[in-house]
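There are 2 protein chains.
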Amino acid sequence: LQLTVHVPGIAGRTYDVVIGAGAAAALPRYLESAAPAARYAVIAPDDVAEHAQQLLDVLRSAGRSADLLWFPAGEAHKTRDTWAALTDRMLDLRFGRDCAVIAVGGGVAGDVAGFVAATYMRGVPVVQVPTTLLAMIDASVGGKTGVDTAAGKNLVGAFHPPRLVLADPLFLRTLPDAALRDGLAEAVKHGAILDEGYLDWITTDAGAILAQDPQALEELVAQSVRLKAAVVREDPFEAGRRAVLNFGHTLGHALETCSGYTVSHGQAVAMGMVLEASAGEALGVTEPGTAERLRAAVRACGLPVAAPAVDADALLAALRVDKKALEGRVRCVLLSRLGACAQDEAGRWTFDVPEAVLLDAVRADHRI
Amino acid sequence: LQLTVHVPGIAGRTYDVVIGAGAAAALPRYLESAAPAARYAVIAPDDVAEHAQQLLDVLRSAGRSADLLWFPAGEAHKTRDTWAALTDRMLDLRFGRDCAVIAVGGGVAGDVAGFVAATYMRGVPVVQVPTTLLAMIDASVGGKTGVDTAAGKNLVGAFHPPRLVLADPLFLRTLPDAALRDGLAEAVKHGAILDEGYLDWITTDAGAILAQDPQALEELVAQSVRLKAAVVREDPFEAGRRAVLNFGHTLGHALETCSGYTVSHGQAVAMGMVLEASAGEALGVTEPGTAERLRAAVRACGLPVAAPAVDADALLAALRVDKKALEGRVRCVLLSRLGACAQDEAGRWTFDVPEAVLLDAVRADHRI
Chain Z
9 LQLTVHVPGI
19 AGRTYDVVIG
29 AGAAAALPRY
39 LESAAPAARY
49 AVIAPDDVAE
59 HAQQLLDVLR
69 SAGRSADLLW
79 FPAGEAHKTR
89 DTWAALTDRM
99 LDLRFGRDCA
109 VIAVGGGVAG
119 DVAGFVAATY
129 MRGVPVVQVP
139 TTLLAMIDAS
149 VGGKTGVDTA
159 AGKNLVGAFH
169 PPRLVLADPL
179 FLRTLPDAAL
189 RDGLAEAVKH
199 GAILDEGYLD
209 WITTDAGAIL
219 AQDPQALEEL
229 VAQSVRLKAA
239 VVREDPFEAG
249 RRAVLNFGHT
259 LGHALETCSG
269 YTVSHGQAVA
279 MGMVLEASAG
289 EALGVTEPGT
299 AERLRAAVRA
309 CGLPVAAPAV
319 DADALLAALR
329 VDKKALEGRV
339 RCVLLSRLGA
349 CAQDEAGRWT
359 FDVPEAVLLD
369 AVRADHRI
Chain U
9 LQLTVHVPGI
19 AGRTYDVVIG
29 AGAAAALPRY
39 LESAAPAARY
49 AVIAPDDVAE
59 HAQQLLDVLR
69 SAGRSADLLW
79 FPAGEAHKTR
89 DTWAALTDRM
99 LDLRFGRDCA
109 VIAVGGGVAG
119 DVAGFVAATY
129 MRGVPVVQVP
139 TTLLAMIDAS
149 VGGKTGVDTA
159 AGKNLVGAFH
169 PPRLVLADPL
179 FLRTLPDAAL
189 RDGLAEAVKH
199 GAILDEGYLD
209 WITTDAGAIL
219 AQDPQALEEL
229 VAQSVRLKAA
239 VVREDPFEAG
249 RRAVLNFGHT
259 LGHALETCSG
269 YTVSHGQAVA
279 MGMVLEASAG
289 EALGVTEPGT
299 AERLRAAVRA
309 CGLPVAAPAV
319 DADALLAALR
329 VDKKALEGRV
339 RCVLLSRLGA
349 CAQDEAGRWT
359 FDVPEAVLLD
369 AVRADHRI
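Sequence lines, in order, name chains Z and U. Counted from 1, the first sequence has number 144 at position 136 by my numbering; the numbering is strictly sequential. Counted from 1, the second sequence has number 277 at position 269 by my numbering; the numbering is strictly sequential.
Calculated directly from the structure, the hints in this document are not laboratory data. A portion of the hints provided could be inaccurate.
Since the list gives no way to pick one copy over another, a pair counts as held whenever it fits inside one copy or between any two copies.
To be verified - Listed next, the in silico SDA-like pairs over lysine to any residue satisfying Cα-Cα at most 25 Å (straight line):
no. : residue 1 : residue 2
1   : Lys152    : Glu83
2   : Lys152    : Asp24
3   : Lys152    : Thr87
4   : Lys161    : Ile18
5   : Lys161    : Arg102
6   : Lys152    : Arg303
7   : Lys152    : Asp55
8   : Lys161    : Asp100
9   : Lys161    : Arg47
10  : Lys161    : Arg105
11  : Lys152    : Ala93
12  : Lys161    : Arg328
13  : Lys161    : Gln220
14  : Lys161    : Leu101
15  : Lys161    : Asp106
16  : Lys161    : Asp321
17  : Lys161    : Gly104
18  : Lys152    : Gly104
19  : Lys161    : Asp75
20  : Lys152    : Arg250
21  : Lys152    : Ser272
22  : Lys152    : Asp106
23  : Lys161    : Phe245
24  : Lys161    : Tyr269
25  : Lys161    : Thr87
Work out the full structure, taking the sequences as your base and the hints as a guide.
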């Protein structure tokens, strides 16, 4: 059984996210309609060698012309240099305009290989084959590609939606448990901001998900992709509504920074969601009891509900450089209740939240 | 008096090419509707300092926030390194997503600054202010941006149509005569493939054009942009019809290469057009007398009708690597008559032309 979710691309086009345990074996068949090409460049970081090699074998067995191009794994290599080296390798191998790129790996692979595809001979198709839960449910929707520079993350890039995303939960078996839980934090976020029933299901079935039950994982990926796609469809140009996807990320990013990145992104977002729900309750925007139920969901997913102690001044400094900050005032996405976000008096999906309220939420949680 | 031509962009959008002597002074007014931005990055090569500085002054006088970013002039600097350096400079200057790029200069500036805009924070608007005739009538339509690599020209890039092109013929006063004539070769091409009346007008009024009569230049740019835009509109994805823009370029590129680039692109295209018309006549595809009239037009524009002697084997080798070559056979765009291109029996806009026919055309012209 394979699930397919239609996702908005750009200029009115859509693409499919195909989800299924073992779906990787059917890649050639999906390519035939979604991304026919004379030749395929399979681009992968060197830490997903097994999956990339499997996909290459699948393609070649089906009579497709394909080559494997490696790059060094890790966010540190999500650079213009890696992009240029991959591009030059494709040119050396004489890939023409009639080729397509297949990006295999986590978020970094999708971003950097996607940017290679976006700019190779002014753009060739890309197919994303995510191998982490986070990439399956997050990077698979939105069409963003790019690389980091010394000045910051994702500052250079392009919108280049894939022709197809193939999410095979069997690929997650090689993923460390901690990385699986990190991805789960984003799924919890999708439930928290958009669908209370989905959040309840995650809380109840977290055991099956963490044990990598294929059906549970398929359902999780499909539901998260559906929810994120609905938000992107409503706000394709990031004009407003799409901001709700930043729930938990204002305090989350700040905690991540203050911890010196000893706290992972998923862990930080998990804590950030609980704390921003507390702040929302304190402001009378969020239904009382919301933070407690979110805390239960986070705990069920094996994610930390307690952050390392951080310095209040450092936290404030980190909050003030947040991208969502307006004229120096910190902005947060706030829930009205589980499954729904609140709008401020001007109809915006982020709120001015006094720094004292955020600090109080962190203090009440015994983090300062 | 300013002329405006609507040009197809991508995804059904269009943009305006505004043409007028002195139009540069009105840039702030045009930006208001076409590319409103919190801040402008004016990007220019260091050989158009005067024009770039003038535009900066115009913007600042109108109360716009603008900065000037230089890069070294010349095709040798149309590289990923220049692109990365300009991007980093914009990041250093803290340009946000709400900025726009203004590309000032010839084709190289449009390509490299356009690619900076295409990829800065996943894409910001670009406005093109061409300062060469070739950029005004050629690069201003099509939305192509990009840079060269060691493997070849324009191998990395993006389709990123400008929000506005502002073509001010007064900028051409600093252009060397040879560069003006080079641009004129492409205008002759537009007439030859699409509009006999336009070709006749160029032939008759070449004197006024070369003397930089403002009204003649405005008319020339407007008419060429209109003609090229019509072709791009018919074939936005370069599937077929757009190939007609390559008339004169098969032999032109080969002569350019064989001359060791002592012959300029415009000169080579001028010769290529006359010779491909001769070849078309020899094949019975092109109306007799066409080559002779084209030769007269080219001569009126002060372009050479005689190429330097080239080696036949070198010419054949250069012809065989042409992008339009199919399975090793040389393909040419052929006219049916002045103002109209011919289609082969399969409906294609390029023809298999036997190498002997091309060599004969060159020989008859006393070039070998």
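Now the hints, each set against the structure:
1. Lys152 with Glu83: within (16 Å within a copy, 30 Å between copies)
2. Lys152 with Asp24: within (16 Å within a copy, 28 Å between copies)
3. Lys152 with Thr87: Classified as both; 15 Å inside a copy, 24 Å across copies.
4. Lys161 with Ile18: within (23 Å within a copy, 28 Å between copies)
5. Lys161 with Arg102: The answer is between: 14 Å across copies meets 25 Å, while 31 Å in one copy does not.
6. Lys152 with Arg303: neither (31 Å within a copy, 51 Å between copies)
7. Lys152 with Asp55: Answer is within: at 22 Å inside a copy they meet the 25 Å cutoff, but 36 Å across does not.
8. Lys161 with Asp100: Answer is between; shortest inter-copy Cα gap is 14 Å, intra-copy 29 Å.
9. Lys161 with Arg47: Between copies only: 22 Å across, 31 Å inside.
10. Lys161 with Arg105: Cα proximity of Lys161 and Arg105: across copies only (14 Å, versus 29 Å in one copy).
11. Lys152 with Ala93: Result: close both inside a copy and across copies, 20 Å intra and 23 Å inter.
12. Lys161 with Arg328: within (17 Å within a copy, 44 Å between copies)
13. Lys161 with Gln220: Cα proximity of Lys161 and Gln220: none, with 31 Å in one copy and 49 Å across.
14. Lys161 with Leu101: between (30 Å within a copy, 17 Å between copies)
15. Lys161 with Asp106: Classified as between; 18 Å across copies, 31 Å inside a copy.
16. Lys161 with Asp321: Intra 24 Å, inter 52 Å, cutoff 25 Å: intra-copy only.
17. Lys161 with Gly104: between (30 Å within a copy, 14 Å between copies)
18. Lys152 with Gly104: both (23 Å within a copy, 17 Å between copies)
19. Lys161 with Asp75: between (29 Å within a copy, 24 Å between copies)
20. Lys152 with Arg250: The answer is within: 14 Å in one copy meets 25 Å, while 30 Å across copies does not.
21. Lys152 with Ser272: within (22 Å within a copy, 40 Å between copies)
22. Lys152 with Asp106: Both: 22 Å inside a copy, 18 Å across copies.
23. Lys161 with Phe245: within (20 Å within a copy, 32 Å between copies)
24. Lys161 with Tyr269: Within one copy only: 14 Å inside a chain, 42 Å across chains, cut-off 25 Å.
25. Lys161 with Thr87: Intra 10 Å, inter 23 Å, cutoff 25 Å: intra and inter.
Hints 6 and 13, counting from the list given before, are not met by this structure.
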